[in-house]
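Here is how the chains run, residue by residue.
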Amino acid sequence: MSPFLFGVVNMKKNSAFLIVVPGLIIVFICLGLPLFKVLLPTIFQGNYPASSYVEFFQDAYYLKIFFRTVKMALITTAVCMVAGVPTAYFISRCKKKWKGLLLAISIFPLMTNSIIRSFAWINILGTNGIINRLLTSLGIINEPAKLLYTEFSIIIGSVYLFLPLMIVTVTGVMENIENDLMEAAQSLGANRISAFMKVVFPLSLPGIIVGSILVFTGTLTAYTTPQLLGGNRNLVLSTLIYQKALTVGDWNSASVIALIMIIITVIVIRVFNGLAARLDKRGENHG
Amino acid sequence: MGKNKILCIYAVIVFAFLMIPLFIITVTAFGSGSAITFPIESFSLKWFLNVFTTKSFRESFLTSLLVALLATMISMLVGIPAAYALAKSKMKGKQLIKSIFLSPTIVPGIVIGFVLYQFLVLSLKIPMYLGLLAGHFLVTLPYIIRVVGSSLEQFDFSIEEAAWSLGCKKTTAFFKVVLPNITSGISAAFMLAFINSFNNIPVSMFLSGPGVSTFPATLMNYIEYNYNPTVSAISVLLMLCTMIMMVIVDKTLGIASLAK
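Chains W and G, in that order, give the protein sequences.
Here the first sequence stands for residues 0 to 286, numbered as in numbering that gives the first Met the number 0.
Here the second sequence stands for residues 0 to 259, numbered as in numbering that gives the first Met the number 0.
Just so you know, these hints were derived from the structure itself, not from any lab.
Treat the hints loosely; a few may be bogus.
[Stated by the list, open to error] Cβ-Cβ distance ranges computed for the label pairs, FRET-style: (1) G:G208 to W:V247: 17 to 25 Å; (2) W:N178 to G:P209: 54 to 62 Å; (3) W:N178 to G:E152: 21 to 29 Å; (4) W:K94 to G:I243: 21 to 29 Å; (5) G:M90 to W:F151: 45 to 53 Å; (6) W:G99 to G:A161: 29 to 37 Å; (7) G:S98 to W:L100: 32 to 40 Å; (8) G:L48 to W:G273: 53 to 61 Å; (9) G:E152 to W:A144: 51 to 59 Å; (10) G:L129 to W:F43: 40 to 48 Å; (11) W:F151 to G:E152: 39 to 47 Å.
Glycine is no exception: its CB is placed at the ideal position from the N, C-alpha and C atoms.
Isolated chain W (complex conformation):
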């Protein structure tokens, strides 16, 4: 990458390029080079190119973890959308004083360490946790239910982690939608819900898509929450990397999983952004 950039600099002695080059070199040394050096060899090892990757997707154990990770990211994104979009709409229509407060309440968790936010759910879902003690004392269940260290607890923890991100992102877009548009739709005979679905929702779709990208890729790659709430039985790709590398010492498998994670992230961002671009064009045609 860097020889190419040096070439460009030599071709046109552009001062803007000179300012940018030191940063590019540092990013290359800190990220590009380590990625190439560690991950590239995994493609060429084995009997045929990419054989490690073919083997990964033929292994039932890995496949299970792979699909679990994707499934949980999908569920988390869907829940965050359902819970976050109406809430964002509510915030964006609030009076200014309330808006600031509600936005602050939404931002606060984002600034709080994710260990704390996961740890809270250990206390709620654990064997001696709040839910289990409440249910046993009420006589609804006799023995504590296994809520913690399940896929369910990872999903709840991930929703808890990423819902504020969805709310804040979507609120940012909805704030720019004029209230008059809603009123106009209603005065033309649309009821509140259809006015929302036909006016506000399409206009805020770009924000919802950005929010979904953040939540989906965030859940897909999150380490803290699945580590704390999933236990050893419910590994996801990121906890699998850590386990493979540091517990088992299988650095090669860890590298394979690492590249797979990067590729999924890039594909997801590409697909969603493509979707957003198409929606934008459709909007332009209407305008």
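Using the hints, position chain G against chain W.
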């Protein structure tokens, strides 16, 4: 009005979901029993004392502060000029260069930590703390590029040109005209970068070892072997810091500047 009420109740439930776990964790920090209980049976501050007297917490807290501060500083030194150059020039490949600077956001944190540990620390024998710093530099850089970049988009560059035409040197104009006009963007970028570096776990998980451990990494290890209100007490202290910081940001930059 009826449907507005439904929306209002919906929002209240969502906010309750966001706040109640943090409220519970706060209450449990003040319990006296060695098991975490809610509600607490009797009041005690001993877990807070435990936080301050535990050496690994004190040391790793300072490590995290230092790493976050250094990483953010380096990112600002690299990122602010880069954001400026990207905002000003109409050069080809501008988008490519910007996406290179933002590329750390595409690579999962655990992967960044993994490749840095394997390449910098294991292969090149670079000291662990430098690897950690490199990782946190990558965490912070995108915030600087994005937030300072968007603040430069609002900046009216004709002011800078006016300074040039009045005989001001380009570097002087940058420091005396451009920078003072984007201080709020720079402050917001600093805050976001610093907080996200301080809170980061996945990048630090591989880049921690004897003598070098960030606060969150120490906390992760602690939780693995201990289940007592010490972690709740730490949570309360960290949340207190977050609150203070948010009030300061709200008074100076406006709370919305953190929503980036």
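### Task
Mind checking the hinted window 54 to 62 Å against the Cβ distance between W:N178 and G:P209?
holds (59 Å)
### Task
Could you tell me whether the CB distance from W:G99 to G:A161 stays inside 29 to 37 Å?
Distance hint for W:G99, G:A161 holds at roughly 36 Å.
### Task
Confirm or reject the claim that G:E152 and W:A144 have a C-beta distance inside 51 to 59 Å.
Check passed, 52 Å falls within 51 to 59 Å.
### Query
Taking the CB of G:G208 and the CB of W:V247, does the distance hold inside 17 to 25 Å?
About 18 Å separates the Cβ atoms of G:G208 and W:V247, which means 17 to 25 Å holds.
### Message
Against the range 21 to 29 Å, how does the distance between the Cβ atoms of W:N178 and G:E152 compare: consistent or not?
### Response
For W:N178 and G:E152 the Cβ distance comes to about 26 Å; the hint holds.
### Task
Mind checking the hinted window 21 to 29 Å against the Cβ distance between W:K94 and G:I243?
This hint holds: roughly 26 Å between Cβ atoms.
### Query
So the hint says 53 to 61 Å: do the beta-carbon atoms of G:L48 and W:G273 match that?
holds (55 Å)
#### Entry: Cβ distance range 45 to 53 Å for G:M90 and W:F151, holds or violated
holds (51 Å)
### Message
I want to verify a distance hint. Is the separation of the beta carbons of G:S98 and W:L100 within 32 to 40 Å?
### Response
holds (36 Å)
### Beta-carbon spacing of W:F151 to G:E152 - inside the hinted bounds 39 to 47 Å or not
With Cβ atoms ~43 Å apart, the hint holds.
### Task
Take the C-beta atom of G:L129 and the C-beta atom of W:F43, compute their distance, and say whether it sits inside 40 to 48 Å.
violated (29 Å)
Checked against the numbered hints above, the structure breaks only hint 10 and satisfies the rest.
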